[in-house]
Amino acid sequence: MISKIYIDNYKCFTNFELSFSHINVIFGKNGVGKSSIFELLEKIRLLISGLAKTDIFLPMETTRWDRRNLQTFGIDAISLNHQYNYRIDIFHDYKGSPKIQSEELKCDGKVIVKFSKGEAQVFNDNYSPGPLFPLDPSQSVLSIISSEMGYNKVFKFKKILTNLLIVKLDPEVIFPLSDKEVVFPKKDMSNFVDWYRHLSQEHQQNIIQLQMKLRDVLPGFQGIDLPSYSPTHRGFQVSFKIAGLNTIIPFAFSELSDGQRALIILYTLLYGIKGLEYILCIDEPENFVSLEEIQPWLMEALDASGSDLNQVLIISHHPEAIDYLAAEHGIWLDREENGPVKRKEIRLSSEEPLKLSQLIERGWD
Amino acid sequence: MPRQVRIVILCEDTQQEVFVRYLLEEYNFNSRKIRAEKAPKGLGDAQQYVINNFPQELQKYRSRSHDKNIALITVIDADELSCQEKKHRLVSKCKQLRIEPPMDNENVFIFLAKRNTETWLKYLENPEEQLSEAEDYKRLGHREESKCRPLLSKLAEMCKADKLVGNPPDSLKNTCPDFKKFLEKVSG
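First to last, the sequence lines map onto chains A and B.
Oh and the first sequence: position 192 is 192 in our numbering, straight run, nothing missing.
Oh and the second sequence: position 3 is 368 in our numbering, straight run, nothing missing.
Hint data in this document are derived by calculation from the structure and do not stem from the laboratory.
There's no promise every hint is true.
[Claimed, not checked] Below are the DSS-like pairs computed for lysine-lysine, each with C-alpha atoms no more than 30 Å apart in a straight line: (1) B/519 with A/355; (2) B/512 with A/274; (3) B/545 with A/213; (4) A/156 with A/95; (5) A/213 with B/512; (6) A/110 with A/99; (7) A/213 with B/503; (8) A/342 with A/274; (9) B/519 with B/545.
The following block holds chain B by itself, in its conformation from the complex:
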């Protein structure tokens, strides 16, 4: 069938892209309907790219938002800030450019991992381990991004059952129910 993108993922890097893409695939989203917009530089300032481009991607989404199946997913790590503070940066950027920040009825979802996506992956590798959201597990070593696929199957299973086993990071605990509601909106 002709490719028609339904979900745009705005993210910092490939690890974040595949995290969301594989999770969506677990919810039966066809990867051909997904487009990734990644920061052009892998290290350091990728977050700023996401913040700078968020308002534009929001506008692009809004240009097609009459189609209820179209959505925007943004992925950004909280790092040393709180999730609320990092979200505020995205909202502020919109306000700075006089663009209305995302509204509740829009198909816009923000994945905000603390400290970063790797914290969530580390939890999924060993849910019983007590993790710190202050520690940077990204520094523990680079691996092939696609190797996380089984971990995303595990996450989808737990999210579907509304039960994150073991010691999930708070940021993930808060994300799962909201993501489920978001998917209901997009699929509905």
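With the rest of the complex left out, here is chain A:
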């Protein structure tokens, strides 16, 4: 799991550090940078996995009142046996692509990846140094590491970050047909059907458990099928029993309500990827979901965090999420008049008759 992040000179973050536990709810006013944290994690995921180069770090995303050309990001992570510290400095010269000025990964306090002045070095699992080699400063050293190369410690860290699943779901953009399987869904879940198709092939046990869960969650739910429409195209059909009629009708995904689609996706995020070591970062999961369905999902997310999922990070404004998780796992972000982001302490007296969400609602915090 990710235990800490450090952000300097990125949007509204200056010399900013944030610690996480196995589950957190991140909350705060509009514009305090909640979603920016997930955006940054997504950029780092893309850079490290090799799916993007440094040009995803836009010069206009440096802090507006900061004149430095250097951005620094740090991630501390914990795996079963090791503690990792990762740090990357990105230099903007405003001419070409931003350049990685330095990149370093430590495992249990010892350097295992190093990049500076155009030269990279990867260390073996026993910490002995590998050869120096030149590397394009627009790509991360980690992007070239694969499981077959034998750098197990480095690869383990890479896997933690490449398994960041960042979601801000929008049921309206989900394409109801699949023409291929994908192993990783898009942030807005527009390719959910492609991803579900992959999960149903590769992780059948998870999908069986998901469908059993959905029987509990969606009234009359019978099952999900992926009917074949052409040699490559599959649909996504959800069958429901109809009250008063002794019949079951299959509905296309596009015929479902936004709320039904959201619930199917939310529970897929908990059940479909069980045991696959994902870190789920989800922005406002309660959108589209009816009030009584919010706490049950949060309970399941809490249960899954640290076991079926490595970690769950939630951004939410919703009173249900704040009141359920914030006391022990809340991260309250704040800014004073568009200044740098700070973490705000949660302090409530025992005589306070209002819940935290009620204090926030009234601006009495």
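Chain A is already provided as a structure; the job is to place chain B on it using the hints.
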């Protein structure tokens, strides 16, 4: 199926919530029928929140108590007081607000761990260990709350068999038979 809450858990923190929730799941209660009302602050004054909110939750329960499947479970640590003294605080709060304290025929159950829920968890981790109900095992370190699930399976198994093995804390010994009777009422 549409969600309809049957059991409300009023408790101090997440550890207490999952303790009761996982125990109920062991007795085949669907977690979707459970709602948690937790203290808004994790440390220190969470007990006062439970005491202050107990009468209101009792009234909410009573507004639906014609349904025999509806129940209220309250979880509070005895800490340095005796279980009876801590229970008295809940009752006093009701009386102070002129609300009838819980009656025997109501589906209201109070989990009162001494010194706290972590004492019970520590017993379940190693039933042979001689524990002190005066010591605060909570201070021994924070862990992921959900990790206690296997321990609750073990507790349910022992409660069902009316046999707590090893050296169970007195507060747990007293709770198990009453909880079993409470569940019979709610399930019946």
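Outcome of the hint check:
| no. | hint | result |
| --- | --- | --- |
| 1 | B/519 with A/355 | violated (35 Å) |
| 2 | B/512 with A/274 | holds (16 Å) |
| 3 | B/545 with A/213 | holds (27 Å) |
| 4 | A/156 with A/95 | violated (35 Å) |
| 5 | A/213 with B/512 | holds (21 Å) |
| 6 | A/110 with A/99 | holds (25 Å) |
| 7 | A/213 with B/503 | violated (34 Å) |
| 8 | A/342 with A/274 | violated (34 Å) |
| 9 | B/519 with B/545 | holds (15 Å) |
Violated hints, in rising order: 1, 4, 7, 8; the structure is consistent with all others.
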